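Protein chains: 2
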Amino acid sequence: MTATLMDGRAESRRLLDETAVRAATFARTRGRRPCLATVLVGDDPASRTYVRMKVTRCAATGIESRRVDLPAETTTEQLVRVLRDLSADPLVDGILLQHPTPAHIDERAAFEAIAADKDVDGVTGASFAAMAFGGPGFASCTPAGILRLLDAYEVPLRGRRAVVVGRSAILGKPVGMLLLARDATVTYCHSRTLDLAAHVAEADVVVAAVGRPELVRGDWIKPGAVVIDAGYNPGNVGDVEFEAAAARAGLITPVPGGVGPMTIAVLLSQTVEAAHHHG
Amino acid sequence: MTATLMDGRAESRRLLDETAVRAATFARTRGRRPCLATVLVGDDPASRTYVRMKVTRCAATGIESRRVDLPAETTTEQLVRVLRDLSADPLVDGILLQHPTPAHIDERAAFEAIAADKDVDGVTGASFAAMAFGGPGFASCTPAGILRLLDAYEVPLRGRRAVVVGRSAILGKPVGMLLLARDATVTYCHSRTLDLAAHVAEADVVVAAVGRPELVRGDWIKPGAVVIDAGYNPGNVGDVEFEAAAARAGLITPVPGGVGPMTIAVLLSQTVEAAHHHG
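Protein sequence lines, in the order shown, are assigned to chains S and L.
Residues 1 to 279 in the numbering used here are what the first sequence lists, from first letter to last.
Residues 1001 to 1279 in the numbering used here are what the second sequence lists, from first letter to last.
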């Protein structure tokens, strides 16, 4: 292995420590702790685990969490009402709707029911536009976490070729927009891309974000490239064939311990930021 | 020249004819014509010309226009107020803020003052998100016009390499999102891209949208590629070196008479659509 590992655990700890200090300052001056509402629909075990991790991390960081667990048969209309109520609640600073939601839910409609200034997970259209156009608003957490990791390792982006594999609304599309805002030349690849290997082979920075185990083969990686694996598949397997990619890359994120920890840290950091805005 | 010209005048005429029929139906059933408000700040001659062209075309298509001409020294706050008032006016169906606005105006803030359901020019963040995520909303007019032209000439997009040169909020970024939604593999190039020629040389579809005369050289074009020139520079010069590109391309848009006429046609079509929604 030639690549240096990008240590998401260490970076996220730094951000969480800083966030805990800001949360304590907020609590001292405002007489209440910042508050993140988590909304979970149904009982998907992985989603339950993610919510539990977030709640635990909130507690450790001095952030209150308000858990709203809804039954699997919740309708889009009911979910939208819950999210609107939380958006109007002055004691709630940030709102996280755990996704994916059950298939019968119109997830986009649900996301859009979250007030922009509480969208600390960066899932609304307004947040996406803010990422694309550089206005005020919260970034999607995983994309923002990826940019933080790249910055922590001083990866140059200006003029570099970045290839984003995946085009989801909360990961692929926004991370591409953030890289574009940093002057990378950005290519979006996806399931219909005909020659994925050729695109990846030209990339200075690869972001794999599709959720397909080891879709990105190690021997596609350009020697010295930076490889960000945002995939997380059963059995701790990422979207990148790790060993083979690490033998060629300059920098690479492990799975787990790379992108994953950054996501939660950004979420909590943005929650405290939202609290400061709300007052 | 080997390329077939993509006739934006003919395509736009088809769309305008269809729009005129829909406008007439609306007027007959609702007792008023659809109404587009045009807002112009300052006295830039090109902008005045564009607004006049739009107003003339509205009249010819059975759409009422309400012209709001503001002095060059209008502040962002004043402009925002005007746009909010128009957004609230039940007799206005669509709102066009002619851009670019004078340099002292916060153009993004002004755009965002336009109600999403009257944003027939597709400039708000909500419209951009709708283009990216496929929700309800109006597309930016030039990008939507480009897609209409591609469809009119039955250009396959799925899995094809599309290179967008330019990343503006109202042209480059949205046209990339529309191409991505149609399953193209999309690369955004811009002023910081190091090897523009190499990117263009691999493209099945090139969209030039930077406003720099003949930036895209003819000998970069892959033989048989589709070349869309959305640039419009003084002296009827596009962003593509036309003669040399036409000698290699399969399809190419002329300047003028290619993308330009599509933009106005889409604007009017979306105005009538907005009117039908408002009722």
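Be aware that a few hints might be false.
Chain S stretches covered by chain L per the calculated footprint, using a threshold of three residues with CB under 8 Å from any CB of chain L [said to hold, decoys possible]: (1) 131-142; (2) 238-248; (3) 261-271.
Simulated restraints, written as ranges between beta carbons of each label pair [to be verified]: (4) S:Arg67 x L:Pro1223: 55 to 63 Å; (5) S:Asp117 x L:Thr1025: 28 to 36 Å; (6) S:Asp43 x L:Thr1075: 27 to 35 Å; (7) S:Asp117 x L:Ala1072: 43 to 51 Å; (8) L:Ala1072 x S:His104: 47 to 55 Å; (9) L:Gly1211 x S:Pro136: 22 to 30 Å; (10) S:Arg192 x L:Asp1117: 27 to 35 Å; (11) S:Asn236 x L:Thr1002: 49 to 57 Å.
For the chain S half of the interface with chain L, some residues (derived, Cβ under 8 Å), not all of them [said to hold, decoys possible]: (12) Ala10; (13) His104; (14) Arg108; (15) Phe128; (16) Arg158; (17) Leu180; (18) Asp183; (19) His199; (20) Ala201.
The hints are simulated quantities; they were obtained by calculation from the structure and are not laboratory data.
No experiment lies behind these values; they were computed from the predicted model shown.
Cβ coordinates follow ideal geometry from the N, Cα and C atoms, glycine included.
Going through the hints against the structure:
no., hint, result
1, 131-142, "holds (count 3)"
2, 238-248, "violated (count 0)"
3, 261-271, "violated (count 0)"
4, S:Arg67 x L:Pro1223: 55 to 63 Å, "holds, 60 Å"
5, S:Asp117 x L:Thr1025: 28 to 36 Å, "violated, 42 Å"
6, S:Asp43 x L:Thr1075: 27 to 35 Å, "violated, 54 Å"
7, S:Asp117 x L:Ala1072: 43 to 51 Å, "violated, 33 Å"
8, L:Ala1072 x S:His104: 47 to 55 Å, "holds, 54 Å"
9, L:Gly1211 x S:Pro136: 22 to 30 Å, "holds, 27 Å"
10, S:Arg192 x L:Asp1117: 27 to 35 Å, "holds, 32 Å"
11, S:Asn236 x L:Thr1002: 49 to 57 Å, "holds, 54 Å"
12, Ala10, "violated, 30 Å"
13, His104, "violated, 18 Å"
14, Arg108, "holds, 6 Å"
15, Phe128, "holds, 5 Å"
16, Arg158, "holds, 6 Å"
17, Leu180, "holds, 5 Å"
18, Asp183, "holds, 4 Å"
19, His199, "holds, 7 Å"
20, Ala201, "violated, 12 Å"
Going through the hint list in order, the structure does not satisfy hints 2, 3, 5, 6, 7, 12, 13 and 20.
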